[in-house]
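Please take these sequences and the hints and turn them into a complete structure.
As they're listed, the protein sequences go chains S and G. Residue numbers for the first sequence follow my numbering, beginning at 1 and rising by one. Residue numbers for the second sequence follow my numbering, beginning at 1 and rising by one.
Source of the hints: derived by calculation from the structure; they are not laboratory data. A portion of the hints provided could be inaccurate.
Claimed, not checked - Below are the BS3-like pairs computed for lysine-lysine, each with C-alpha atoms no more than 25 Å apart in a straight line:
hint	chain 1	residue 1	chain 2	residue 2
1	S	Lys231	G	Lys11
2	G	Lys30	S	Lys302
3	S	Lys303	G	Lys30
4	G	Lys155	G	Lys116
5	S	Lys259	G	Lys123
6	S	Lys686	S	Lys314
7	S	Lys109	S	Lys209
8	S	Lys231	G	Lys82
9	S	Lys231	S	Lys209
10	G	Lys123	S	Lys646
11	S	Lys563	S	Lys646
12	S	Lys187	S	Lys202
13	S	Lys305	S	Lys259
14	S	Lys271	S	Lys249
15	S	Lys209	S	Lys249
16	G	Lys155	S	Lys635
17	G	Lys155	S	Lys646
18	G	Lys82	S	Lys209
19	S	Lys635	G	Lys70
20	S	Lys473	S	Lys231
21	S	Lys686	S	Lys271
22	G	Lys11	G	Lys70
23	S	Lys646	S	Lys473
Listed below are the residues making up each chain.
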Amino acid sequence: MADGNITINTSRRFFLLAAGSGLVLAGCVTPSDTTDGAPAIAAEAAKPAAPVVDMNTFVAISPDGTIRIIAKNPEIGQGIKTMLPMLIAEELDADWSRIVIEQADADAKYTDRAFGGGQIAGGSFATPQHWVPQRQIGAAARAMLIQAAAARLAKPVEEFTTEPSMVVHAASNTKIAYGDLVNDAAKLTPPDPASLKMKDPKDYRLIGKPMRNWDSPKIVRGEPIFGIDVKVDGMKYAFFQKCPVFGGKVVSANVDEIKALPGIVDAFVVKQAGASIPTKMGLLDGVAIVADDWWTAKEAGKKLKITWDEGVSKDESSAQYDARSAELAKATPQQSLSKTGDAAAALKSAAKTVEASYVYPFLVHAPMEPMNCTAHARADGTVEVWAPTQRPDMGANGAFGLIQSALGVPKEKITIHMIRCGGGFGRRLDNDYAVEAAAISKQAGGIPVKLIWTREQDTQHDPYRPGGYHNFKAGLDANGNMVALTNHFITFGRPNDAGVMAILASANSPPQEFPANYVPNHAYDQSMMMGGMPTGPLRAPTSNAVCFAYQSFIDEVAHAAGKDPLAFRQELLAMPAPGGAARAGMNPQRMADVLRLVGERSNWASRTSLPKGTGMGVAFYFSHQGYFAQVAKVKVEQNGSWRVLKVWSVGDVGSTIINPINAHNQVQGSIVDGISELYQKITFDKGRTVQSNFQDMPLLRMDYAPQIDSHFHITSGSPTGLGEPALPPVLPAVTNALYAATGKRIRTLPVGQTDLRWT
Amino acid sequence: MTTYTLNVNGKTQTVDVDGAMPLLWVLRDKLDLKGTKFGCGVAMCGACTVHLDGEVARACVTPVSSVGAKRVTTIEAIGETKTGQAVQKAWLDVDVMQCGYCQAGQVMAATALINKNPKPNDKDIDMAMQGNACRCGTYVRIREAIKTAAGVDIKDTREV
Chain S
1 MADGNITINT SRRFFLLAAG SGLVLAGCVT PSDTTDGAPA IAAEAAKPAA PVVDMNTFVA
61 ISPDGTIRII AKNPEIGQGI KTMLPMLIAE ELDADWSRIV IEQADADAKY TDRAFGGGQI
121 AGGSFATPQH WVPQRQIGAA ARAMLIQAAA ARLAKPVEEF TTEPSMVVHA ASNTKIAYGD
181 LVNDAAKLTP PDPASLKMKD PKDYRLIGKP MRNWDSPKIV RGEPIFGIDV KVDGMKYAFF
241 QKCPVFGGKV VSANVDEIKA LPGIVDAFVV KQAGASIPTK MGLLDGVAIV ADDWWTAKEA
301 GKKLKITWDE GVSKDESSAQ YDARSAELAK ATPQQSLSKT GDAAAALKSA AKTVEASYVY
361 PFLVHAPMEP MNCTAHARAD GTVEVWAPTQ RPDMGANGAF GLIQSALGVP KEKITIHMIR
421 CGGGFGRRLD NDYAVEAAAI SKQAGGIPVK LIWTREQDTQ HDPYRPGGYH NFKAGLDANG
481 NMVALTNHFI TFGRPNDAGV MAILASANSP PQEFPANYVP NHAYDQSMMM GGMPTGPLRA
541 PTSNAVCFAY QSFIDEVAHA AGKDPLAFRQ ELLAMPAPGG AARAGMNPQR MADVLRLVGE
601 RSNWASRTSL PKGTGMGVAF YFSHQGYFAQ VAKVKVEQNG SWRVLKVWSV GDVGSTIINP
661 INAHNQVQGS IVDGISELYQ KITFDKGRTV QSNFQDMPLL RMDYAPQIDS HFHITSGSPT
721 GLGEPALPPV LPAVTNALYA ATGKRIRTLP VGQTDLRWT
Chain G
1 MTTYTLNVNG KTQTVDVDGA MPLLWVLRDK LDLKGTKFGC GVAMCGACTV HLDGEVARAC
61 VTPVSSVGAK RVTTIEAIGE TKTGQAVQKA WLDVDVMQCG YCQAGQVMAA TALINKNPKP
121 NDKDIDMAMQ GNACRCGTYV RIREAIKTAA GVDIKDTREV
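Now the structure itself:
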């Protein structure tokens, strides 16, 4: 990988493990498992023959050689359940074919900074935060095993090395299996992590090799591993109807009629409770129906007659937001976000100016697995929760925080099992569904309850990605250099508990957004309008929105300057910082490199010879410490229908691609996800969400998914995360390509709002 | 409530339910077969794909009263068929999965495709699979896994 080319051999992509242990573990399918007559998929993991011995919080070894590693973070499809144990196993020098990975519960014992920090799936933080600590955990256990071997053979520790799951003393030609050493090793004092010598990367046996996701065999067999599959003895099923206007209150409901229906166990009004959650993603008013099976509960919901007090946002609509945005754009901005030089003066003296407004809509997360949670609030005051969550803890919006606050239980009485999530995308950073399940279980008399939302409820009660409006002006000098850029960004807020207008979650536009402090003069301003809806982080929050606006407008300015849009971006990246201005975050040279490489890989120069209706577009973005440049090639039919033919992606996430097969999957998925967002919108009318299911909230399908060339450019420095940074640039890469194909600039999303027909 | 006798994965199963109850919920909540997934409830996503007499069906909109004597095959048993086994293996060799939630439905749709059309091309794959949404965006790999299972060249032949 040192050359940066990660080539996946498609016929035999797996890191195939030495056979011979005889122990067949799920997730370690080797070709020998699939020869004639043998079952294609290994049976359930064999149980260790002897009890495991804890080496530390994460590693336990059985005398039979099985090694159990705890995966501490929530798995939402990002591959963390495989990747973190890979880091431990690498420095432990463990035989991967003898590994059993166990998902951690939500527990403070795993969240020490020395282990990598909190249990959360968000921000693409896991890789940078765990890269050193998780390897140290493995290295510490390995050092203890070596120490135990040295003591046994009465030789100095320096004479020992390891092979997978074996301590080796070459001089005496002795090998001792970890399983034979564990009882001695576990009694030793763990070494100081700082004293541990980590492997030279050239010696890696696991890191950098394509390792299949641990749960993949269970997934293809249809095993019940998701939150929605949880089964608890005596469990009933719940349906919960909230007010369609966010935060509305129940005035009355026909719960007695519902209770009389066949198969219904209980029905009752649930009242809002707990601390004020500004995002409205806590326990809100609603009516719960509990039944022997979920379908019966949901069907009974059709017979609900609820009178709502819809509250203050009942008259809000997307049409109203658009109109208000237009008014605000004409008015003096409410606040300045950042400013360097004198943009107004530079615009006045510019040889050419470009002005355009970009608009993107609200979006819903819509993970494939609808919100659900199983909870048991027992009579003894304990609460046990089986939650497909991205954030069991950390903050008032975590599952612990919401349940503590709404049910009035102390944290030590709450147990949270983190269950594999059928997609997250940021949705499950909020835990409204978890506190609902706990509250319903309690109110139903302490019986265990599985709450499942319908897809319609999922679509209509989301912490939405906020829409936004960017009003740009740019000035070019006589040489086509951008000398000024202004943006009046219109976004959403609402009064906080103190009555002060506060911007909604994820509704911000970064003050240092590129090309701030690359162009000599810029002024970014902001105004807010009232928005009553819940909002929250969607994969690559903020970036997934503003990247489209900025990278589209930069493209537009490049064309106005008569320059190649890729070369124009390189010129911007090469500009000196204006006197006294401090740049934040992005290293321009790293971005220039991935931009150059994506131009080469996509044969960018060939774009000028494409026929009308076919075009290529480029964009780049720095987010979550990752550098991504992408080129999209699109084809637009004369009737205006269009599709993306291919996307080339070059990413720089540091020195190491820990699990390349999964890393490329994240990039491919981000690209498909980003293209999907070009088709989607959430709108509001009468204070409620208009869209309800996949007929009006489309997901990209097989036939529209493009070919993808994913490449990593390897640089120095600790590796960084991949759940998010590959997503933002694909949106403007595609819309810039649509412009190249048709001459029509996409300034409003979804793309379908622009007529792309051509003759 | 009515008693229905179903043939699920080769076994005779009797359930006492409302005839309007979709097969999906009979499988999940009554027969404890949780591999078939709930995604939308309106046959828009394909997460609930099963086979009825070998044909693709969306269990979320299939009333149990309509199943009759048709053989119901779910993800839990698809590996007992030659094609299903090949598809599961290809899914693992390519490592298609991200979150994995839609993949039971994808495997069922792909198996039905290959059973009908042992050497599908890209157009066949587009047609057969467009009812199965993957929110994680694993389509590149689904395409490759289908071709791997079918033993055809994995190259994407669509226009670039």
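Verification of the supplied hints:
For the given pair, S/Lys231 sits about 22 Å from G/Lys11 by alpha-carbon distance, which is consistent with the 25 Å threshold. Taken as a hint, the G/Lys30 and S/Lys302 pair is honoured in the structure, with Cα atoms around 22 Å apart against an allowance of 25 Å. With a C-alpha separation of about 23 Å, the suggested pair S/Lys303 and G/Lys30 falls inside the 25 Å cut-off, and the hint holds. Taking the CA atoms of G/Lys155 and G/Lys116, the gap is about 21 Å. The hint holds against a cut of 25 Å.
With a C-alpha separation of about 51 Å, the suggested pair S/Lys259 and G/Lys123 falls outside the 25 Å cut-off, and the hint is violated. Proposed proximity of S/Lys686 and S/Lys314 is supported: the alpha carbons are some 5 Å apart, at most 25 Å. Between S/Lys109 and S/Lys209 the alpha-carbon distance is near 30 Å, which puts this suggested pair outside the 25 Å criterion. The suggested pairing of S/Lys231 with G/Lys82 is violated, with an alpha-carbon distance near 31 Å, which exceeds 25 Å.
Of the pairs offered as hints, the one joining S/Lys231 and S/Lys209 is violated, with about 36 Å between alpha carbons and a cut-off of 25 Å exceeded. Distance check on the hinted pair: G/Lys123 and S/Lys646 sit about 16 Å apart at the alpha-carbon level, within 25 Å; holds. With a C-alpha separation of about 23 Å, the suggested pair S/Lys563 and S/Lys646 falls inside the 25 Å cut-off, and the hint holds. Taking the CA atoms of S/Lys187 and S/Lys202, the gap is near 32 Å; set against the 25 Å cutoff, the hint is violated.
Proximity of S/Lys305 to S/Lys259 is assessed by CA-CA distance (about 13 Å); at most 25 Å being required, the pair is judged to hold. A C-alpha spacing of about 8 Å is found between S/Lys271 and S/Lys249, which places the hinted pair at or below 25 Å, so the restraint holds. Taken as a hint, the S/Lys209 and S/Lys249 pair is broken in the structure, with Cα atoms around 54 Å apart against an allowance of 25 Å. Using a Cα cut-off of 25 Å, the hinted pair G/Lys155 and S/Lys635 holds, with the two alpha carbons roughly 20 Å apart.
With a CA separation close to 14 Å, the supplied pair G/Lys155 and S/Lys646 stays within the 25 Å bound. At roughly 30 Å between alpha-carbon atoms, G/Lys82 and S/Lys209 are farther apart than 25 Å, so this suggested pair is violated. Taken as a hint, the S/Lys635 and G/Lys70 pair is broken in the structure, with Cα atoms around 44 Å apart against an allowance of 25 Å. For the given pair, S/Lys473 sits about 57 Å from S/Lys231 by alpha-carbon distance, which is inconsistent with the 25 Å threshold.
For the hint linking S/Lys686 to S/Lys271, the alpha-carbon distance of about 23 Å falls within 25 Å, and the restraint holds. Taking the CA atoms of G/Lys11 and G/Lys70, the gap is about 12 Å. The hint holds against a cut of 25 Å. Only pairs whose Cα atoms come within 25 Å are accepted, and S/Lys646 paired with S/Lys473 is rejected, the gap being roughly 32 Å.
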